[in-house]
Amino acid sequence: MSNIKRHTLSVQTANEAGVLSQVSRLFSRKGYNIESLAVGTTDTPKISRITIEVLADDRHAELLCNQLRKLLPVHSVKLLEPTQAIRRQLVLIKVRAATSEVRNEVIQIANIFRGSIIDVCSETLTLSLIGAEEKTDAVETLLKEFGIVELVRTGMIALERGQYTIDENTKEKGEFHYGKHVL
Amino acid sequence: MQLSGANILMECLLEQGVDTVFGYPGGAIMPIYDALYSYSDRIRHILTAHEQGASHAADGYARTTGKVGVCFATSGPGATNLVTGIATAYMDSSPVVFITANVGEDLIGKDSFQEVDIVGISMPITKCNYLVRDVAGLADIVREAFAVARGGRPGPVLIDIIKDVSFATAAYTPLPREEHHIGGRLGALVRRASHDLGAPEPDQGDIDLLAEMIAASEKPLVICGGGVVRGRAEAQLMEFALRIDSPVAITVMGGGGFPGRNPLATGMIGMHGTQASNHAADRCDLLIAVGCRFSDRVGLQFKTFAQNAKIVQIDIDRAEINKNIKTDHHIIGDAGQVLARLNEKLPQMNHTAWKEEVFFFHTETIYDDCADALTPKQVLSAIARILPPHTIVSTDVGQHQMWAIQHFRFDYPGQLLTSGGFGTMGFGLGAAIGAKAAKPNEVVLHITGDGGFRMNCTELATEAHYNLPIITCILNNGTLGMVRQWQSLLFDGRHSETTLDRGPDFVKLAEAYGLHGKRVTCVTELETALQEALTCGTGYVIDCAIDADEMVRPMVRAGGHITEFLVD
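Protein chains in written order, with our numbering: chain A, 1 to 183; chain B, 1001 to 1568.
Just chain A, same shape as in the assembly (with noise of 0.2 Å):
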């Protein structure tokens, strides 16, 4: 496969018991490793917005989109366009800090990148940090040399820009199929 790139997809589903095995299932079974997956409900509790980062070329995000919104419980899919949507993920890094001079320093790398601090003991201090990838792995990188004690991120979730949303009435949407024959 050619033009390899990471795809960001925005998948509404109903909030129900086993969606997201559905949803996760279905890129092993087509041989895709998921890059990045965040999950919560929306304003309607009984919607979930799935955000899933893969790596594939076009034609299989493209595909990827059509297997998903087969799935009963998926409302709706978007394959979001990197220049039009807003990317963040919130990672937490608790980083060796035992002197006051290694403190000193971290503190001010968090406040560049406005991260906070989180949690503060005697060995070690604890940041917040939100943004996409270049700001985290700049982050990441610069705290390396004090030593990374642990490193956890949520995964990414998106919106597109604008006024534009998941239930758009697009032609690529009016091809989700079942209303046809259903009865």
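Some hints could be false.
To be verified - Straight-line Cα separation of at most 35 Å, DSBU-like style, residue types lysine-lysine; simulated pairs:
no.	chain 1	residue 1	chain 2	residue 2
1	B	1067	B	1323
2	A	70	B	1355
3	B	1110	A	70
4	B	1518	B	1508
5	A	5	B	1355
6	A	70	B	1303
7	B	1323	B	1355
8	A	30	B	1310
9	B	1326	A	5
10	B	1323	A	5
11	A	5	B	1303
12	B	1326	A	30
13	A	46	B	1110
14	B	1323	A	30
15	B	1219	B	1110
16	A	5	A	94
17	B	1310	A	70
18	B	1303	A	30
19	B	1518	A	30
20	A	46	B	1323
21	A	70	B	1508
22	A	46	B	1067
23	A	30	A	5
24	B	1326	B	1219
25	B	1345	A	70
26	A	46	A	70
27	A	70	B	1067
28	A	30	B	1508
29	B	1323	A	70
30	B	1303	B	1326
Worth flagging that the hints you see were computed from the coordinates, not collected in a lab. Computed from a predicted structure; not experimentally measured.
Position chain B relative to chain A; hints supplied.
Chain B alone, transformed into the frame defined by chain A:
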């Protein structure tokens, strides 16, 4: 009214017009079978020898009638025995609702006796599945399940019902099927889908574009796929083919979607396709695939398939477009609807020169006769001479399947029952039982090989008990023929574990089950046996001895170019 979950299930089956259920009882499903006892005057239950047989029978019933088949099984091994049958139905888009029971709520998740997560297991092989833990939602789920199984591209659905749910009671309000889509889960689904769909009609712009492409084409080829059969679009396809005067190639799943004896039919396409079909695919300038997903057994070498043509795909399932073959144009919609709309726009065309080019090639394989032994061709010709043309044919998988499909020119959808996608050996007898149960007045022929027949021949007990006189014809070459053929051609003749030189004596086996049978070695004996089979009133097993080295021809190697025949 207040009813138990098991009774609600029965009422819901009646709402759907279900009159026949195939299945096998067990511990967890006992309350459901207890309810069935009271409904036995309205719902006929056919008890098979094995759950797999029940799954294929429900599938065969669905394929023959076009209605939704229903299959019951208990928890644990009962449920897992269905898995092959569910996958078979899924790969061939056959609408079947599988109903399993699971252990009680207090035992779920504790590795209890006969507990298995069948919802998890069946996830990749069903359109959707349900674990019912609350009796209040049962009717709603059953209604949705049937609608999903038959809606759009049909397929299997599984409902796993916790034992407590069948005991517990809830209010049940009868609702005719026409009103199911108004409220409840199905209502929400339809509203959502119709919102998403915009219009359920195929896109007129797409249809206009295809009409233009057809007008510009000098060498069109139509592929009749399984979608024509499932959508019962044979009339629209016939008009379409006559109008554009195009040859029609038929896939395995498309058998019966276009009459095989029509002068426009080029026969089967793909790995064992005819010279005419495969060369037409290579030479055409416009290929219109109707309800065909270009499986690897049809497309073979995806990069060079129909390399001189613009490829157009008509399919009800958006996810099939561009999946295997990159197409130049597509129309999403039901085959019959799309073709009907197209036919309105098409003038009568004439492609005589192109047809001459295509029909210069053979539309059938020339097999030699053999004086001192039966050949598959002689067996199939005798069958075609003696059995009525309307005969329903079910097959297992392998050489006999390809020979039967090459030889019988199927006339109508539902006439051929074969596991095309999943290639399930042992499918045929169960499917034949389902077909005979659905259409007792039709002659049902089950063509099989000795390997495939041995896999599920216990279902002869079902055939005998319910007096479903099926004619089983075993093309017995004492080998696992198709694998042996590949070994002969591709593995230097190293016939590893494909010699099936073992019993039983199939005639004695048939007799042991209370059926009739005969072993035949020449055409005359075979003709006598077929006559007897038609009149004896019970199932009949004909064991035809054929040569082990007879091959299915022509053959293109897997992944090879469609006209590079390994054997002609």
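Query raised in the report: Hint by hint, which ones does the structure fall short of?
Result: Checked against the structure, the hints that fail are numbers 2, 5, 15, 19, 21 and 28, while the rest are satisfied.
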